[in-house]
Amino acid sequence: MAPMADHDPMIPRVAHVRRKQRELVDVATLEIDAGEFFFAPGQFNMLTVFGVGEAAISVSGDPADPSRLVHTIRAVGAVSRALTELSVGEPIGLRGPFGRGWPMDEARGRDVIVVAGGLGLAPLRPALYRLFAERENYGRVILLYGARSPQDILFRDELEQWRGRLDAEVEATVDHARGDWRGNVGVVTKLIARAVFDAPNALAMLCGPEIMMRFVADALGDRGVAPERIHLSMERSMKCAIGWCGHCQFGPVFICRDGPVFTYAQLRGLLATKEL
Amino acid sequence: MIEGLEHIVAAHAFFAGLEPSLVALVSGCAKNARFEAGKYLFREGESADWFYLLREGRVALELRDPARGAVTLQTLGPGEVCGLSWLAPPYRWSYDARALDNARAIAIDAACLRRKSEADPRFGYEMMKRFMPPLIERLQATRLQMIDIYGAHG
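Chain order of the listed sequences is R and H. When you number the first sequence by the numbering used here, it's gap-free, plus one each residue, and the end is 498. When you number the second sequence by the numbering used here, it's gap-free, plus one each residue, and the end is 361.
By construction, these hints were calculated from the structure, which means they are not laboratory data. Any given hint could turn out to be false.
Claimed, not checked - The calculated label-pair distances, taken between Cβ atoms and stated as ranges, are:
hint, chain 1, residue 1, chain 2, residue 2, range
1, R, A355, H, E263, 30 to 40 Å
2, H, N309, R, E380, 28 to 38 Å
3, R, D389, H, K246, 26 to 36 Å
4, H, N309, R, A355, 34 to 44 Å
Stated by the list, open to error - Going by beta-carbon spacing under 10 Å, a handful of chain H positions derived as facing chain R:
hint, residue
5, R265
6, R271
7, L342
8, A348
Even for Gly, the Cβ is constructed at its ideal location relative to N, Cα and C.
From just these sequences and the hints, can you work out the full model?
The structure is reproduced here in structure tokens:
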């Protein structure tokens with residue numbers, strides 16, 4: 223590993239892929255050998271495939287284990303595709319961690335509703351690890367997950383483990399399913415109506431497609447959760463990751479520097495603005 | 208028997224807050240129903256003579272596609288209404304409803320409810336206010352499912 227990143231946040235250090243797991247057809251989890259790596263749940267790194275480019279990817283591993291830096295990546299563009307095609311032992315550029323993550327301290331003592339859609343479960347996984355590791359610090363813990371189909375469910379084994387916990391409610395739903403699927407089918411917002419939580423004292427963490435987060439935030443608002451307590455992780459094209467370049471500007475905020483996690487109170491007006 | 212049903216109808220989330228005289232009108236068209244897991248509440252193409260207020264268990268709404276077999280469109284659970292095709296002509300189910308678990312429901316005679324709605328517009332309007340939200344909700348959910356928000360562009 224090159225040590226330069228300590229003094230220049232724009233220069234990636236070189237790490238290596240230690241382990242790789244194919245999660246779905248187009249999704250892979252990379253464990254990166256980066257020495258001791260500390261991050262807050264919800265933060266992201268800039269990952270480089272040398273000769274291809276750099277992309278912002280949320281950390282999806284356990285914040286309590288700094289020896290394992292884990293990213294879960296979906297192949298949607300040239301860089302992310304190249305990242306998912308890296309093999310064990312290959313070099314990878316690493317800058318970070320960046321951004322403001324999930325409000326774990328604010329969540330203490332409250333019911334916590336985590337709503338994830340598709341790959342949005344990956345940036346929420348560190349928060350879930352923290353919630354479960356420090357379970358006594360929180361009220362009810364509810365995880366609601368929406369996916370495209372049963373075949374597209376991310377971290378399926380882990381979801382099953384969490385579903386087996388007596389101190390959490392875990393529900394998944396899919397948009398489309400064959401008749402042999404025995405789970406829920408329908409939009410994830412429907413699960414909110416069924417969930418039991420103390421709305422005035424609840425805090426929500428949302429990550430997924432923007433349109434899903436809008437509907438979920440409104441559904442939570444209808445249940446009585448304050449917009450200031452609904453937190454969303456946003457995604458935009460990020461380049462510098464430190465608020466210099468403006469690529470990820472979203473109205474008055476930069477997603478990389480001021481987020482990626484914001485409250486719905488901060489974003490509601492902006493999300494209603496077309497093509498922003 | 209009727210008193211018991213009235214209590215059950217009044218306690219169902221779908222009829223929350225319905226005034227007692229209107230609960231009595233609904234209950235006059237209602238009976239209890241049970242379905243073992245795997246049994247069909249109704250089938251595509253059949254006349255929509257009954258619909259169901261689910262009390263226990265989940266139900267899958269399915270379409271049969273020759274290429275893919277049964278496709279689940281939506282699952283419903285306790286507190287929800289199963290079956291909306293009875294609301295508008297030709298009163299025919301356009302999908303199957305299959306119990307995923309052992310299910311209990313209040314079965315409501317659709318023709319009976321339509322008749323009472325015609326006879327008493329206040330009752331009919333109250334029914335319309337109850338059935339419109341799930342209709343709209345399912346329309347909106349279908350739109351979201353159609354645009355494939357978790358697809359590659361998501």
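Okay, the hints, checked on the actual structure:
no. : hint                          : in the structure
1   : R:A355 <-> H:E263: 30 to 40 Å : holds, 35 Å
2   : H:N309 <-> R:E380: 28 to 38 Å : holds, 29 Å
3   : R:D389 <-> H:K246: 26 to 36 Å : holds, 35 Å
4   : H:N309 <-> R:A355: 34 to 44 Å : holds, 37 Å
5   : R265                          : holds, 8 Å
6   : R271                          : holds, 8 Å
7   : L342                          : violated, 14 Å
8   : A348                          : holds, 4 Å
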